[in-house]
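Take the given structure of chain S and dock chain U to it, following the hints.
Going line by line, the protein sequences match chains S and U.
The opening position of the first sequence corresponds to residue 0 in numbering that gives the first Met the number 0, with each subsequent residue numbered one higher.
The opening position of the second sequence corresponds to residue 0 in numbering that gives the first Met the number 0, with each subsequent residue numbered one higher.
What the hints contain is simulated information worked out from the structure, not anything from laboratory work.
Incorrect hints may have been included.
No distinction is drawn between identical chains; accordingly, a pair holds when it is met within one copy or between any pair of copies.
Claimed, not checked - EDC-like, lysine to aspartate or glutamate: derived pairs with alpha carbons at most 16 Å apart:
#, residue 1, residue 2
1, Lys227, Glu311
2, Lys99, Glu85
3, Lys99, Glu154
4, Lys100, Glu154
5, Lys100, Asp156
6, Lys99, Glu149
7, Lys100, Asp90
8, Lys370, Asp352
Quantities reported herein were computed from a predicted structural model and do not represent experimental measurements.
Read off the chains here:
2 protein chains.
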Amino acid sequence: MTGWHQDTNESAPRVVVIGAGFGGLSVVRVLRGENVRITLIDRNNHHLFQPLLYQVATAGLSPTDIACPIRNILRRQANTDVLMAEVDGVDWVNRYVFLKKDRIPYDFLVIATGSHYNYFAHPEWESIAPGLKTISDATTIRRNILFSLEKAEMESDPEIRRALMTFVIVGAGPTGVEMAGAIAELAHRTLLLDFRHIDPKSVRILLIEAGERILSSFPVNLSESASKTLCKLGVEVLTHAAVSNLSPGIVEIGERSISCGTVIWAAGITGGSAGRWLQSETDRLGRVVVKHDLSVEGRPGVYVIGDTAHFEQNGKTLPGVAQVAIQQGHYVARHIRGEVTNNPVKDPFHYTDKGNLATVGRSFAIADFGKYRSSGFLTWILWWMIHIWYLIDFQSRILVMVQWAWAYFTFKRGARLITFADCEGEKDL
Amino acid sequence: MTGWHQDTNESAPRVVVIGAGFGGLSVVRVLRGENVRITLIDRNNHHLFQPLLYQVATAGLSPTDIACPIRNILRRQANTDVLMAEVDGVDWVNRYVFLKKDRIPYDFLVIATGSHYNYFAHPEWESIAPGLKTISDATTIRRNILFSLEKAEMESDPEIRRALMTFVIVGAGPTGVEMAGAIAELAHRTLLLDFRHIDPKSVRILLIEAGERILSSFPVNLSESASKTLCKLGVEVLTHAAVSNLSPGIVEIGERSISCGTVIWAAGITGGSAGRWLQSETDRLGRVVVKHDLSVEGRPGVYVIGDTAHFEQNGKTLPGVAQVAIQQGHYVARHIRGEVTNNPVKDPFHYTDKGNLATVGRSFAIADFGKYRSSGFLTWILWWMIHIWYLIDFQSRILVMVQWAWAYFTFKRGARLITFADCEGEKDL
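This is chain S alone, in the form it adopts within the complex (with noise of 0.2 Å):
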């Protein structure tokens, strides 16, 4: 290999990570103090709580509060080496990690690069409506929903007005569901005084769903009562609605087109490329078909774990939340540590449900624990207690108790910045 290498312990067998979520942090932090030589890979610089992304989105928090350096919450993992760096394939056969410049050699694989939402074979989609992954998603939707408002607040012409006040979510998940909730809540609570011309109050916020119900992976009546919230929160819930095209600035269904400023998209998501890296299996999402070790079949050392992979278990495929890639991350760390120490783990990957959770606004969250199930103020605080605790530094959880805390009881959300980045050139002020 060419310049970069590790120097420590060349004798260890080299893991290889790809992609520092909360799968692949997993897996290098339950190797902590093994004898193995441990490269995580990330094209980016941190790890991103993703379940409160989409408050960064509307305002309520600041990127830095959810997103923490990788080089720092392993600093004093010594086997361990952090590389900012876009992989652009794999070789299975000779055991190589391509990057731009480099290939890393590995004796395990473990690829953690979770997923990306998915346009339904319409590319030209996502620069009209964005999904929410990364932080600079976070921050142009961000931008665009308060942009719209700004310049609504000096047009004149009230058609135009009027489509620059309204909001389309395609997709009711938990995060198109947080997404409404948050926006309702920005443009008819926090700004109602904020401007002149326009009442935030007559903000249009539409969520889109192509299936029967929203929150679908729920029971029915939770999923009806988080549809009631959104309701009194001002949000007009549309149901068997699929998006027949998208051009700047309207949204079709069917024959009926609805005039926006802002579409922001939450529907299907993709694997994205780690099946292409291994030539093998996929599921129709694009997700890397995994054994019951959460290895690939004809790809030795290779696991794929997370968004990224398709596991099933009782006949269902597992869904794409954070405590399937952190329970498999450990599992496949455990296995690894089985290969190296040969003392192989036997038993099949099985994923403990803990329950499952979702918000709707400031006050109102549903909870399913299987037996038990809960909505309303008090599953909304068991939602923020969960939400505070598995934020991955002491300080971020108390910085964002402040704002929350701040934002409770005010109303006020304090990051409303609109920024450009400065390539953008044309502002259209």
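Okay, now just chain U, sitting in the frame of chain S:
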């Protein structure tokens, strides 16, 4: 005028304020409750607490901590409209301010657009050595600093690695000194354990000043003690060193050439477009020469304040600091109120210097209150209290305090995000 207009209180005089910095915001706030119709125009949607911007550039604070939405600040001030727009020019004969698609009539106009960096007739240097004026500037610099070290970690050529680990700051005024101190702490303390192939301790930080000493606006003994503190922090201070040429990766100072990964510009400033808009007299830095009441000769109803104005007092031009802008803003507001109520203010503007502070690193500051001068840890505590106090809103104060306390005791810096704008395309990973 076209579309946009104020629709209340049609008979009240119209005051247009351009720029929502310290100066512009002072004017508007003092005129609260007066019988005037105010329009505050800014190209951004937020007021920025610029004295702490260097903390964002060095990952100590996050952008939202020091920025506050203008609408939010003025939401209860009924006589004021906020416009997020770029000003194209001024028709000072017929009294209009031109926006891209609109024009706004005025009876009184206050120009408080601030300053930007002056590249001494080398506009091409701006992309090589960004200055520090906006949130985007700060996140660009933060990205450059952090990304240089990421690249150094992966670089095998010792020459290139050494260059990537060299940071040059041009200009040793308060901003340059604060940046140099903060980068030294970031590299030599915060990141100490984060890398495996480079030693952050060996990061070189050069502070380059064309004049004979750093912080030339302070007394000699204070500037010397600041210089010593920088030395202790590991900053190399070069005085009598004027940049003769800049190209990507290379700073030339006369015969000497320094290879470096990051250059930050903190040298001279210029007053911006106001002189061109008004076709009026400017000084050699492009600042508009104003009369004793801060109005402009032959431009009825027009005032220029803050960094955009050239005002002499006791034979000296007032410096471009927040204090001057705030006091001038208060004066102009009173002056306008006097004109409107037929009770004109006769006294000329007089600046009361409340003192001058600058900080070097995390526990040293210098203060010059005329007779009383001090430096050291207690001065730093004073600097700290004043900056917290002047932060515009309560939430920011708590957030900044939490982060500073955290950083102080742990040496961590939470805001170490490398974010890329979507449009950037080539990331060079």
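Cross-check of the supplied hints:
1. Lys227 to Glu311: neither (33 Å within a copy, 65 Å between copies)
2. Lys99 to Glu85: This pair counts as within: shortest intra-copy Cα distance 7 Å, inter-copy 40 Å.
3. Lys99 to Glu154: Answer is between: at 13 Å across copies they meet the 16 Å cutoff, but 47 Å inside does not.
4. Lys100 to Glu154: Between copies only: 10 Å across chains, 50 Å inside a chain, cut-off 16 Å.
5. Lys100 to Asp156: between (53 Å within a copy, 14 Å between copies)
6. Lys99 to Glu149: between (41 Å within a copy, 14 Å between copies)
7. Lys100 to Asp90: within (15 Å within a copy, 56 Å between copies)
8. Lys370 to Asp352: So Lys370 and Asp352 pass the 16 Å test inside one copy only (12 Å; across, 70 Å).
Violation of the numbered hints given earlier is confined to hint 1; every other hint is satisfied by the structure.
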